[in-house]
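2 protein chains.
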Amino acid sequence: MAGKREEKRKTLRAALIKAAVAQVTAGGSTALRARDLAKEAGCALGAIYYMFDDLDDLMFHVRAAIFLETVDWITTQITDAQPKDPMEHLLLLARAYHQYADENRNKWRAVFGSDNPGELAPKWYVDSLNQLMGQVAAPLKQLKPEAPADEIMLVARILFAGVHGLVMLNSQQKQQGSRVEAMQITFKTLIEAQVNHLISNNNSK
Amino acid sequence: MAGKREEKRKTLRAALIKAAVAQVTAGGSTALRARDLAKEAGCALGAIYYMFDDLDDLMFHVRAAIFLETVDWITTQITDAQPKDPMEHLLLLARAYHQYADENRNKWRAVFGSDNPGELAPKWYVDSLNQLMGQVAAPLKQLKPEAPADEIMLVARILFAGVHGLVMLNSQQKQQGSRVEAMQITFKTLIEAQVNHLISNNNSK
Numbered sequence: 001m002a003g004k005r006e007e008k009r010k011t012l013r014a015a016l017i018k019a020a021v022a023q024v025t026a027g028g029s030t031a032l033r034a035r036d037l038a039k040e041a042g043c044a045l046g047a048i049y050y051m052f053d054d055l056d057d058l059m060f061h062v063r064a065a066i067f068l069e070t071v072d073w074i075t076t077q078i079t080d081a082q083p084k085d086p087m088e089h090l091l092l093l094a095r096a097y098h099q100y101a102d103e104n105r106n107k108w109r110a111v112f113g114s115d116n117p118g119e120l121a122p123k124w125y126v127d128s129l130n131q132l133m134g135q136v137a138a139p140l141k142q143l144k145p146e147a148p149a150d151e152i153m154l155v156a157r158i159l160f161a162g163v164h165g166l167v168m169l170n171s172q173q174k175q176q177g178s179r180v181e182a183m184q185i186t187f188k189t190l191i192e193a194q195v196n197h198l199i200s201n202n203n204s205k
Numbered sequence: 001m002a003g004k005r006e007e008k009r010k011t012l013r014a015a016l017i018k019a020a021v022a023q024v025t026a027g028g029s030t031a032l033r034a035r036d037l038a039k040e041a042g043c044a045l046g047a048i049y050y051m052f053d054d055l056d057d058l059m060f061h062v063r064a065a066i067f068l069e070t071v072d073w074i075t076t077q078i079t080d081a082q083p084k085d086p087m088e089h090l091l092l093l094a095r096a097y098h099q100y101a102d103e104n105r106n107k108w109r110a111v112f113g114s115d116n117p118g119e120l121a122p123k124w125y126v127d128s129l130n131q132l133m134g135q136v137a138a139p140l141k142q143l144k145p146e147a148p149a150d151e152i153m154l155v156a157r158i159l160f161a162g163v164h165g166l167v168m169l170n171s172q173q174k175q176q177g178s179r180v181e182a183m184q185i186t187f188k189t190l191i192e193a194q195v196n197h198l199i200s201n202n203n204s205k
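Sequence lines, in order, name chains A and B.
Taken in order, the first sequence gives residues 1 to 205; the numbers are from our numbering.
Taken in order, the second sequence gives residues 1 to 205; the numbers are from our numbering.
Just so you know, these hints were derived from the structure itself, not from any lab.
One copy or two, either will do: identical chains are not told apart, so a pair holds if it fits within one copy or between any two.
SDA-like mimics (lysine to any residue), calculated; alpha carbons at most 25 Å apart, straight line:
| no. | residue 1 | residue 2 |
| --- | --- | --- |
| 1 | Lys144 | Ile185 |
| 2 | Lys188 | Ile74 |
| 3 | Lys141 | Lys188 |
| 4 | Lys144 | Ala182 |
| 5 | Lys141 | Asn196 |
| 6 | Lys188 | Leu143 |
| 7 | Lys8 | Asp57 |
| 8 | Lys144 | Met133 |
| 9 | Lys123 | Gln99 |
| 10 | Lys141 | Gln184 |
| 11 | Lys188 | Glu146 |
| 12 | Lys123 | Glu151 |
| 13 | Lys18 | Asp57 |
Because the structure is a prediction, the values reported are computed rather than measured.
If we strip away everything but chain A, and leave its shape as in the complex, we get (with noise of 0.2 Å):
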């Protein structure tokens, strides 16, 4: 019985999310409605409270799943372009971070906006939000196998922090025209500075 229990719990508590991610998507992070949520997961708006600290809690699993939706993405991306070595890899991790962000901007936001309480971020989810920066260390490390860790997702970071920041840069300069073309050489300019610094870069501490 506690295991029929148990999955009960864990497939209501599933449905709740999904419900949440939809109206995310839907209306941005401030459209979450305990209400709503009840009504389309078929359950008791109190257990909501049971299966979750508050709607905060609920936010963050609603951020970590598409969190891991916006990395298979990512990842499928590159799978099916076939990028021909590490440099091509990096520009098409920063091309599908864009079009990622353009294409989903409710859920985009939701995610990386700066209006989300990161303070008070779990750790749990603060980690998994590092998967991504896996996904730019791979490439990194072809290009300098010798390189220590730290080394590399020192340059991964400066690498995730750029592409977010144009990528945000240009979502508030939407209107001045589409910028497709000046954002990749900008990707461009940006990695191959990067990667230069870091190649050359002898004295690894």
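Since the structure of chain A is already known, use the hints to place chain B on it.
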């Protein structure tokens, strides 16, 4: 009479923006309440909608006011620190931006957060944001006086985006301990790589 009325209008407009900045500073950009603003500024609720198209329009004026304050504050930091060369100047800009974001979280989010409805931003607002790029461009120009303006602006944009992205990542991972020194090393790596790339790039387009 018209002059006096116009002056009164301007005073009330400024009072409303000031009250709104205070609300956003205290509670973030979702804290804006028209009723409280009217009370604070000593006007009728309807006057707000006479002065501004709607609360979104008012919010852009709030952001612009905060943004000017940010630029002023960063400029003062640089003037006080008297950087000995353009590289130190760029590093100081990065640190000042980081410090401002850390100490003025709600204001920073209101202006630079991905949560703001960038697509709808009026042109005057987007143009004013570009002032910060000018601050970054100045030391870059000193480093490569012969570079065309668009090459300088490209690198300025990358540096701003990179620093912003790193500050955003850092705010999400705050709980993992203070990272001021780590951030300085990261800023330095970002800036050195881009500056070296800029200086060594001879085929300026």
